[in-house]
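S.K.: For reference, the chains in residue letters:
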Amino acid sequence: MTVLRRPPLSRAARKEERTAWVFLLPWFVGMAGVTLGPMIASLYFSMTDYNLLSSPQWVGFENYAKMLDDPRLRQSLSVTFLYVVLSVPLLLAVALALAMVLNRGIKGLAFYRSVYYLPSLLGASVAVGILWRQVFGTEGLVNKFLGLFGVQGPGWISNPDTALYSLVVLHVWTFGSSMVIFLAGLRQIPEQYYEAAALDGAGRRHQFRHVTLPLLTPIIFFNLVLQVISSFQSFTQAFVVSGGTGGPSDSTLFYSLYLYDEGFGRLHMGYASAMAWLLVVIVGFLTAINFYFSKRWVFYGDGK
Amino acid sequence: MTPLKAAAPAPSPAPAPAAHRHRRAARIRARLKHVVLIAFGLVMVYPLLWMIASSIKPDALIFRDPSLLPTKTDFSHYADGWNALSHPFGLYLLNSAIVVLGALLGNLVSCSMAAYAFARLKFRGRAFFFGMMMLTLMVPVYVLIIPQYVMFSKIEWVNTFLPLIVPKFLATDAFFIFLMVQFFRGLPTELDEAAKIDGAGYWRIYFRILLPISLPALATTAIFTFIWTWNDFLSQLIYLTKPELQTAPVALRNYVDATSGASWGSLFAMSVITLIPVFIVFLVGQRYLVKGIATTGMK
Chain R
0 MTVLRRPPLS RAARKEERTA WVFLLPWFVG MAGVTLGPMI ASLYFSMTDY NLLSSPQWVG
60 FENYAKMLDD PRLRQSLSVT FLYVVLSVPL LLAVALALAM VLNRGIKGLA FYRSVYYLPS
120 LLGASVAVGI LWRQVFGTEG LVNKFLGLFG VQGPGWISNP DTALYSLVVL HVWTFGSSMV
180 IFLAGLRQIP EQYYEAAALD GAGRRHQFRH VTLPLLTPII FFNLVLQVIS SFQSFTQAFV
240 VSGGTGGPSD STLFYSLYLY DEGFGRLHMG YASAMAWLLV VIVGFLTAIN FYFSKRWVFY
300 GDGK
Chain F
0 MTPLKAAAPA PSPAPAPAAH RHRRAARIRA RLKHVVLIAF GLVMVYPLLW MIASSIKPDA
60 LIFRDPSLLP TKTDFSHYAD GWNALSHPFG LYLLNSAIVV LGALLGNLVS CSMAAYAFAR
120 LKFRGRAFFF GMMMLTLMVP VYVLIIPQYV MFSKIEWVNT FLPLIVPKFL ATDAFFIFLM
180 VQFFRGLPTE LDEAAKIDGA GYWRIYFRIL LPISLPALAT TAIFTFIWTW NDFLSQLIYL
240 TKPELQTAPV ALRNYVDATS GASWGSLFAM SVITLIPVFI VFLVGQRYLV KGIATTGMK
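For the record, the sequence lines run as chains R and F.
Just so it is clear: in the first sequence, position 234 is 233 by numbering that gives the first Met the number 0, and no numbers are missing.
Just so it is clear: in the second sequence, position 258 is 257 by numbering that gives the first Met the number 0, and no numbers are missing.
It should be emphasised that the hints constitute simulated quantities derived from the structure, not laboratory data.
Just so you know, even glycine gets a beta-carbon here, dropped at the ideal spot from N, CA and C.
Among chain R residues calculated to face chain F with C-beta under 8 Å, some are:
# : residue
1 : Pro25
2 : Leu120
3 : Ser176
The following block holds chain R by itself, in its conformation from the complex:
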């Protein structure tokens, strides 16, 4: 009979709703003022000629048309694509391999995990960018190491043919966070599956191929999508390693770097905004492609 003593539901519900709005107030203000509003403004700027000092001049799709024959834009796109295509698969492969090794009841797991994870926390910092300029410099660690085998390495960062690879290596060096996600995924695979496979006479390689890999595909996919989205937007390291120029000869002119240069270097705010929207389209497209092909290889279990 407690039902009778409850206050009318509608009033309580209204109070709950009012409270929810109050709790969400900061988020609403942020959503409108710092996210949605600026997004709409960005769309508008992308169709104007705007240098921040005088008011924006409407030019329609001119900025987008200009992108079609902008050699630096093409260069920045190919640099960024090459960077993503080289570093992401390599990073994920290393991360998965080490997660596999560490997963098998190894002693000192916490220690190894920390050592491998640390670079992914420091990797985005300016300090590590500065370090990298030296590691891959003419007299840097890499060439000192090659010297042990009598190989005279090039000045990796001053050479347009190799500068990008030093940044790829830097990115792969930060595989630790992906490795931790893989480790968490591996832990989810029930031990019985392996026992059953072993009873059927499956060796380690078979177990990996038929138990681990299929069950891990959702995690691999998750890591892949995440890495593609974030690597496509890398900025700090290219900026620091190339001294802010994307050099030598635009060989490290990442898309984000070119966008920064157009927007904040030359105050072409309209063109930079158009570039930002092209980035949205590209990242969205890559993510969609990823999802499309995922149907062929990602295994969610139970008939799906």
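Add chain F to chain R, keeping to what the hints say.
M.R.: Coordinates of chain F only, in the frame set by chain R:
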């Protein structure tokens, strides 16, 4: 009395040494694995250790001698680097600390409030707004940074810390809302019900019940906010152009330009100093960092 033994294939070619050999092979394999893992780990951290070692070597030795144990030490790089720019490096560290603490407080307050509403309260449009919040996770920062810059320069917030701190009080880091929503959803609703029966209002439930037991989620948020904001470069680069307002990463970058590599020793010394706070947070918060990244995929 030993049927198992009887069932074994045959007594002939001594089974004991075979098992023994097998076990020894496994032990060698395990040991080999550790050797490879340690070697690989050493390669991973070598550049960092080398940077630390180089920061206390005389300049002339940095490139001639790549070993980690300096034969001669020289701590003057720290003093030189500290005073190399227009202000002592301590000021840049202080600026970084202000920005980081502001962002940290902002994220903790605003994201936990939004997460409480999304996870525990019923209101019209909840699914819609939640979806909208999740969508903002995918918006590239470059779409926002130009119009935000225009806006903040219009209200003359450029060259103040406000553009770096105020948005954090408006729950703009959707990652953390999501993280806390997941955490709150994992807590039994009986907690809220029981508190309600005891006469507690929503604010009390949020403040006195949910927040205290959500310490792991709050710690994860705090740690990631700390590290990301400390390392953040782009937004600090565009909003803080006055030397006396610059943060440590921006100052460090300018130092590269200013010296054009003249003294790598002092450049490394200041680099080491800017990495120390991240390293300390890493040591203190490791447990939460690993858990946070494993559940949400944040870096």
